[in-house]
Amino acid sequence: MSLSLLFYCVAAITIGSAVFVVLNRNAVYSAIALVLCFFSLAVIYLLLEAYVIAVLEIFIYAGAIMVLFLFVIMLLNLGKEDALPNLNYLQRATSLLLVLLFFVGIFIVMIGDQGLLHQPTEQFLAGGIYPLGEALFSKYLLPFEIASLLLLVALIGTVYLAKRKV
Amino acid sequence: MDLLGFTIILVKVLVVFAATMLGVLVMIYAERRVSAFMQDRVGPNRVGPKGVLQPIADGIKFLMKEDLVPEKVDKPIFILAPAILLIPALMTFAVIPFGSSINLFGREIALQVADVNVGVLYILALTSISVYGIVLAGWSSNNKYSLLGGLRSSAQLISYELAMGLAVVSIILLAGSLRLNDIITDQQGSFFSWNIFRQPLAFLIFLIAVYAETNRLPFDLSEAEQELVGGYHTEYSSMKFAMFFMAEYANMITAAALTVTLFFGGWDVPLLDEGSLGLFGTLLSVLSFLLKMAFFLFLFIWVRWTFPRFRYDQLMRLGWKVMLPLALFNIFLTAGYLTLKALG
Amino acid sequence: MATIVKSYEPTFWDKLYLPALMRGLIVTFRHFFRKNVTIQYPDQKHIPPEGYRGLHRLNKYPEGRIKCVACEMCSAACPADCIHIIPGPSPWDGGKERYPVRFDIDLLRCIFCGFCEMACPEEAIELTEIYDFSDYTRDDLVIDKEGLLEVYDLTKDQNYYTKKNLSKASSVNTSIDT
Amino acid sequence: MPLLKIDGKEIEIKSGTTVLQAAEANGIEIPYYCYHPALEIVGSCRMCLVQVEGMPKLQVSCNTFVSDVSSDRKVDGKYDMVVHTQNDLVVQERKNILEFLLLNHPLDCSVCDQAGECYLQDYSFKFGNAHSRFDENKRVRPNEFLGSQIVINHNRCIMCSQCVRFTQEISGTSELFVEARGYNSKIAVLEDNPLDNLLAGNVADICPVGALLSTDYIHKNRIWNLKKQPSVCQDCSVGCNVDVFSQTDQILRLTARENLDVNGYFMCDIGRYGFHRYEEIDRVLQPMVRKGDSFVSADWETAIQKTIDLIKKNKSNTAGIVSPFHTNESNFLLGQIFKDVLGSLPPITGEEITYPSGFRISADRSPNTRGMNDICEGIVEDLASKIKTQDIRTLFILDDGVDRKLDDKWKKIIGKMDSVIVLSYAMTDLAKLAHVVLPGHAPLEREGTITNDKGRIQWLRPSLPVKVESKPDWEILMLVRNALDKKTEHFVELGEVMKKMGEKFENYAGITFFKVGNQGYSINGKSS
Amino acid sequence: MIVPLEHVVVLSLIIFSIGVLGVLFRRNAITIFMSIELMLNAVNLALVGFSRYYNSVDGQVFVFLVMTLAAAEVAVGLAIIIALYRNRQTVNIDEINLMKN
Amino acid sequence: MKSNGKPKPRFTFEDPERVEQIFSQYPDKKSATLPLLHLAQSQEGYISNSVIDSIAELVDCHPAVVMDCVSFYTMFYTKPHGRNIIQICQTLSCSLNGADELVDHVTDKYKIKPGETTADDQFTLMKVECLGSCGTAPVVQMNKEYHESLTKQKFDELLAEFE
Amino acid sequence: MNTFKPVLTEHIDQKDCHTLSFYKSIGGYTALEKVLTMNPDHVTQEVKDSNLRGRGGAGFSTGMKWGFIPKDSNKPKYLINNADESEPGTFKDRLLMNKAPHQMLEGMIIAAYAIGCHTSFIYIRGEFYQEYKLLEQTIAEAYDNNILGQNILGSNYSLDVVIHRGAGAYICGEETGLLESLEGKRGWPRIKPPFPAIEGYLQSPTIVNNVETLSCLPHIINRGASWFKSIGPEKGPGPRLFCISGSVNNPGVFEEPMGVSLKDLIFDRAGGIPDDKQLKAVFPGGSSSAILTANEAMDVMMDFEELVEKGSMLGSAGIIVMDETVNMVQACLNIARFYAHESCGQCTPCREGTSWLVMMLTRLINGGGKPGDIDMLFEIADNIGGLIDFSKGSFGKTICPFGEAVAWPVRSFVEKFKGEFMEYLPQEKVVA
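Quick note, the sequences are listed as chains A, B, C, D, E, F and G, same order.
With this note's numbering as the guide, the letters of the first sequence map in order to residues 1 to 166.
With this note's numbering as the guide, the letters of the second sequence map in order to residues 1 to 344.
With this note's numbering as the guide, the letters of the third sequence map in order to residues 1 to 178.
With this note's numbering as the guide, the letters of the fourth sequence map in order to residues 1 to 528.
With this note's numbering as the guide, the letters of the fifth sequence map in order to residues 1 to 101.
With this note's numbering as the guide, the letters of the sixth sequence map in order to residues 1 to 163.
With this note's numbering as the guide, the letters of the seventh sequence map in order to residues 1 to 432.
Warning: the hint list may mix true and false statements.
Heads up, simulated BS3-like pairs for lysine-lysine below, C-alpha to C-alpha not over 25 Å straight-line [claimed, not checked]:
(1) G:K370 x D:K138
(2) G:K192 x D:K74
(3) D:K186 x F:K127
(4) B:K321 x A:K163
(5) F:K30 x G:K185
(6) G:K192 x D:K14
(7) G:K192 x D:K95
(8) G:K192 x G:K229
(9) G:K235 x F:K144
(10) D:K5 x G:K15
(11) D:K138 x F:K111
(12) F:K29 x G:K229
(13) G:K185 x D:K186
(14) G:K15 x F:K144
(15) C:K145 x D:K220
(16) B:K321 x C:K15
(17) D:K186 x D:K5
(18) G:K185 x F:K144
(19) F:K30 x G:K75
(20) G:K192 x F:K30
(21) C:K67 x D:K126
(22) G:K277 x F:K152
(23) D:K500 x D:K471
(24) D:K228 x D:K126
(25) C:K60 x D:K220
Derived list of chain F stretches under chain G, where covered just means 3 residues or more per stretch with a C-beta under 8 Å from a C-beta of chain G [unchecked claim]:
(26) 11-17
(27) 66-72
These aren't lab readings, by the way, just hints derived from the structure by calculation.
Glycine residues also receive a C-beta, built at the ideal position from the N, C-alpha and C atoms.
Looking at chain A on its own, in the form it has when it is part of the complex (with noise of 0.2 Å):
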């Protein structure tokens, strides 16, 4: 129970780093608070009993990409952004209801279908780095493949726009 207890704080730090992420003006403190939001990510995961990928969130996540993000707003030393823009209400508010639409329908979707909160039972298996591997090389390698092509493409799109003016 106390698991499901961290569960729930975690999921709350989660929520309120996105938040602050989204909401805060300077770009560096919304970088680490996506730090923080990848962070309790990687908890929930490992409470998932996903370690895998738990580690890999943080590796990759809060690691790499993070760090790229920091890097680039440091690099265009970004600061304060003044304010928050002056929206566009109509847009602004038919976006949020399509948003809140598609919150409520699932929410309906999963309550109203059968009342009932699912819970696994049995012993997750799934989440060590064997059967991950053997599902990667195995049952998903075409799309490992195709990823790890994206991201050659990826590398040498980067490598050329940094490179030069476009």
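With the hints as your guide, set chains B, C, D, E, F and G onto chain A.
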């Protein structure tokens, strides 16, 4: 989880934490003494016998000093940064086994805080976090030198993390596991079952990368005094500065421990079955671990007072153009070897 | 005729750098065991080499007469403008009928360049080997004629830092306290 | 006029001038020791040797006269004389002469007070050899007092005999003579006839080396530490031109400055040592206002206000006393304030001395009597009786300074006054009787013009920094005048006062410091 | 599994929504980028949750692939931002409207 | 410094007529300085300060000027000397013909060095430069008389005359 | 050779030759009588024609000197007989004063008449007391016989002669020094210009002539300029008194015509060198002239031009002979000491240089020689007296010729007897 188990873990955490902090103190003293000897000097010799209490004195001095926060810094981050740097440094040690297991209270207690099955990944993940400390310290100081130091340092860390990770991959390939204990077990036996002999190239790459990761000479570009005054910690003083300092040494300790674990059989004493010797075996294993670690720590200092600092472009070139291909090549070789072996 | 210098072609081992690194490590390692050269300063005193430029002194003739004739060449030569002299008729007979009534050197301004020594036509001002003079106030670091002559007495016969004199170590401070 | 060529430079100059003078006037340096423009030419130092084309020997330029030659004897068809002062022969010759001069001259520049303004030092540096070949022992003789103020260092003497000629020709007292001859010759005085005339100090000035020294300056300082300010002596109405040498706020010596229209090249010892009078005086550094029997210091505003109050109390019965010790400008301003009654205290006199050379020490020992009389309208002859007849109750006095000794008569007169305001730099007898003392500048701090007894306006330049709260006299007077007459004539600087003065007095019209310059400006010939 | 799947999904949903809001509200390209990351992570969370629920590794494989994608995207995206910034000295997407007219 | 209070001794010429005569010979007074000095020295033996003062008065100039003149000439003695002055020529011809021996001779005989006076004030020995009698070298001037072509023996005889 | 009959010293061997009666008996004062009838300008012309050159040392044409006297000057003119004979090696004037004072006096009166002078001075050396007494007598005699005083010999010309004693200063033999001394000051030579002929004694035109020069005048007047000119070389004719002293058997004054050979004078007239020693060196014209070596002396003619050609000068014709035993360094010191003693101390080079020379030579003799000393002696000598280059004229550096008078002998000593000087230097230097 029962109370005893929890207590044991707590004790282990405390022991490891205390040991690491003690190690930091020892390293501070050792660094000064060793460097002094290497320069035909005496080094600290006033506080305590042979100056052994010097780090304590230093610590007290740090505590007593005025904690100065410059006016134009980004205060929250400025204060947070040293902690961000220090905490991952201390956390890393959690997964490193520092001895064989002992039997206490009718349980076999592994001399390791947490036996994580993705231990290697865990370590890599945490080391990558320490970048934040540096980058944020550099940025928040609102100082050109600090920022440049921070940026340099983060770029350097990211670049070398790659090579380090790839070097470790070949070890993982051999061990077939991400668990550090498995890796140690894999190396048990004679001297030559140590990974250093099986993976010399990986060791070399790993060692070099470790120096870069810990920001030690010859790769201490983030705080190159001649160019950047103090680098990312230029603006720091008092205990905050001490935290950077401690983090550096804690990182070194971790790195040394990791090196020992990955390439020198960890706590394993070659040609000896520690398990059969009972408590004595355990102690022996701990001792062996500490000795091996001590050597690498000494190596850190030794290298620092021997080699000159790299130029930044040289550093990057070395990381990307030499280390990375070599590491990949090494993986290729290892994989090929394993495949051949598997095929018979 | 220009000589053609062939640039050194690095060998494989050179390119590998590892042997060179090893050699470097061995060098430092050897030093690790060497005898150290540190002087435990307050306990032991470093004896400066000949020509060291430390605290000034005013020389005297064997019969006790000040060599200085207050020509103010030193103060004219001083780049830091730290020498202040008030001349007056000398109380001694024979030849040099002028001598410094006051002779002050502001040690905090002095840069110990030794120009005063070079400018002095009488070899009266000289820089001694004394380096450890310190005090608590700025005024105390203005050394006057009596102080300078005292320094001469301390240093005329032998190096100030040789054993015999060490017991007097504190007397330098008092000598410039005036 | 003969046309000369000296070192390739064409010079046209009056017939009868010497080559040395011609060269000097045209910026060509010829070194010399024994020559002095005011003294007879002896040509003994041989330093000024030059080569004159057509003459077999080198000639002493101090005694080679330029004259027209007949056209067939002109060099190159146009030059009357072609002189070389820089060719090898001359340069070598100077080296040789300097070597001789330095044979017995001690190398004690470090002790010598002449160092820095020594011709031997300068020429040795410029023209001499770096090393002496003289291996023998130098001639050593003890120092002697030639007079109470002059000491001779025989070792340094180069026997230029300028001093001897000075006493013979300028002062006419002939105390100095050359004793013995050749190697043994030296400057000497007879035991019962020491060099104690009032011009004695000049021999130390003219001595080109440090042989003759004034005891007043000996071992006091070094010349390069001193600031040299051209000014005018204020100890008699001749107004000798002087150079004042000072360091920070201390005057160390006065030397004569050349001005052929006033003092020639010399000055008397009264003026030379006169500055010592001002060293130990009870200086007034702040405005003082009487309170009972003593003074309290006040700030300027209160002091001026007090002055105004005192004057206003009986305006019509107020007299101003101007001073021959003050500048024209101060006297002028005071004269403008008190037009009705203006007078001066009895003159301070001494012995009038005229030397055979024409050098004069005036009997009037105040510097600016002429100027004061010129610039103050309606100055009364007999102030004392005027005070009585007009029932003067208030006096505004420009104090003469430390030289003024009040006699009983005047003490009585001033003591009877309702109020006395004194502008003074020191607590003189007079100032002690005052009700308000306004601190002005001391003689060597003042700036302004003074007029000597021959009607030459000269520029008195300040030689010392202003002390504490004292103000220039003219500024004080201006403040008083403005407050008293509700005027707004605000003079920013002295030149404006001079301009105003010029408007009032024809003789002084157009006088500016620029016009007066270092050599003064004569108003003689103008109707007074 | 310590919590019901729904809770995980709701969490994911909330985070996703925050991400969407971020994209909609913010004008700073970097922040928008970060919001996108948030959205991706929300999806990952959902995937992991499902994977756990169904006791299948497939979800995790997707997470893995998403991460790869995210990395690639960030690399290219940031490169574009830098390039943009170089040209226009701004990262405000309202001002980056070259192709609008 | 006026001769420290003591009354100054005054010098007067014994033969005022001679003084008058000397003055009459010269177109100006100053020129008579030398003859007067000669006269005074023959009367007084040397030129004392009082002599200088009185001559200065006579020729109407400052005493220093007279002193200046006196100090220049070797024949004027400003200090008292022995009754007889032996002046031995030192210059080349005499030196070649043995003047140095004569000096040594006197030095040995009277124990006086050149420039000194015997204890009994009888002789003052002086070395002088050329006396203008080189053809009869060595030459010795005894007081005002020349004694030429001297040998030691002749010199002894000469000295004996004065003892 | 011996055909020459002495002119000036013809009668000096005779008894009472100094008396007026004797002088009259040999035809004295006839020249004066003749002159007194002549126009002074003609007298000057006659002397000019005779090419008589000064016998004092410089050898300047006497007639020309007289010609410099400004004719239109209102100032009195003065003639001064320079009898301040102090040059080492010279003693002819003393002889003339002792033996033929009237001859000199006659010459003086002639000269005074020629230049229009009415007061003449005889500046006699202070040491010459006997001669002074004798001259006083002579002048008294002359006054008694109306040879001096008002209306000489019945003419309307009057002249007073005053004897003025010097007081022991070589430099007073220099004409301006002499004038200063005469004026009652120290004998510091005056700077020229102005020359004495324009502004001399008391700023009046003044002629200074030597005793011998003046002694020649009666003979020129009596026998005519052409007779005088016929004796000896044309440029510097006339009889000349040569004083020979030093290492000779028979020192003394010998009258010979100009241009006599030095060898004859030394070996014939002066009887050669005692003890058959070898000749070493000779001063041909007093100590101020450059010394001649034996070789040079053997074939030199004693006249102005030839000696100048030889690098020396006739000067006052005081010949000092030195034999082989003479130490030349000692001799040089002796001469240098003389000049140091006699230097007036007015100008720098002479005052300082002479004593330096003495110090150096003394040191040399006392064994303190240093390498380079010889060159230095040379240079010091040059620096005092000027570069000696007879072809271009000398470059004197001092007010009077004293500086040159020091420089010439010292320089010649060092130059011509360098070997002897070398011996006083450290030995290794000699080898080098």
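Here's how the hints hold up against the structure:
1. G:K370 x D:K138: holds (18 Å)
2. G:K192 x D:K74: This hinted pair holds, its Cα atoms lying about 22 Å apart.
3. D:K186 x F:K127: Since the Cα atoms of K186 (chain D) and K127 (chain F) sit roughly 22 Å apart, the hinted pair holds (cutoff 25 Å).
4. B:K321 x A:K163: holds (18 Å)
5. F:K30 x G:K185: With a Cα-Cα distance of about 8 Å, the restraint between K30 (chain F) and K185 (chain G) holds, given a limit of 25 Å.
6. G:K192 x D:K14: holds (21 Å)
7. G:K192 x D:K95: Distance ~24 Å between K192 (chain G) and K95 (chain D) Cα, so the pair holds.
8. G:K192 x G:K229: Judged against 25 Å, a Cα distance of about 31 Å means the pair is violated.
9. G:K235 x F:K144: Violated, at roughly 40 Å.
10. D:K5 x G:K15: With Cα atoms ~65 Å apart, K5 (chain D) and K15 (chain G) exceed 25 Å; violated.
11. D:K138 x F:K111: violated (31 Å)
12. F:K29 x G:K229: Given that 25 Å is the threshold and the Cα spacing comes to 43 Å, the pair is violated.
13. G:K185 x D:K186: holds (16 Å)
14. G:K15 x F:K144: holds (24 Å)
15. C:K145 x D:K220: holds (17 Å)
16. B:K321 x C:K15: Cα-Cα ~14 Å, so holds.
17. D:K186 x D:K5: violated (38 Å)
18. G:K185 x F:K144: The given pair, whose Cα atoms are some 23 Å apart, holds under the 25 Å limit.
19. F:K30 x G:K75: holds (18 Å)
20. G:K192 x F:K30: holds (22 Å)
21. C:K67 x D:K126: The hint is violated at about 29 Å.
22. G:K277 x F:K152: Cα-Cα ~23 Å, so holds.
23. D:K500 x D:K471: holds (20 Å)
24. D:K228 x D:K126: Satisfied, since the Cα-Cα distance of roughly 23 Å is no more than 25 Å.
25. C:K60 x D:K220: holds (22 Å)
26. 11-17: violated (count 0)
27. 66-72: holds (count 4)
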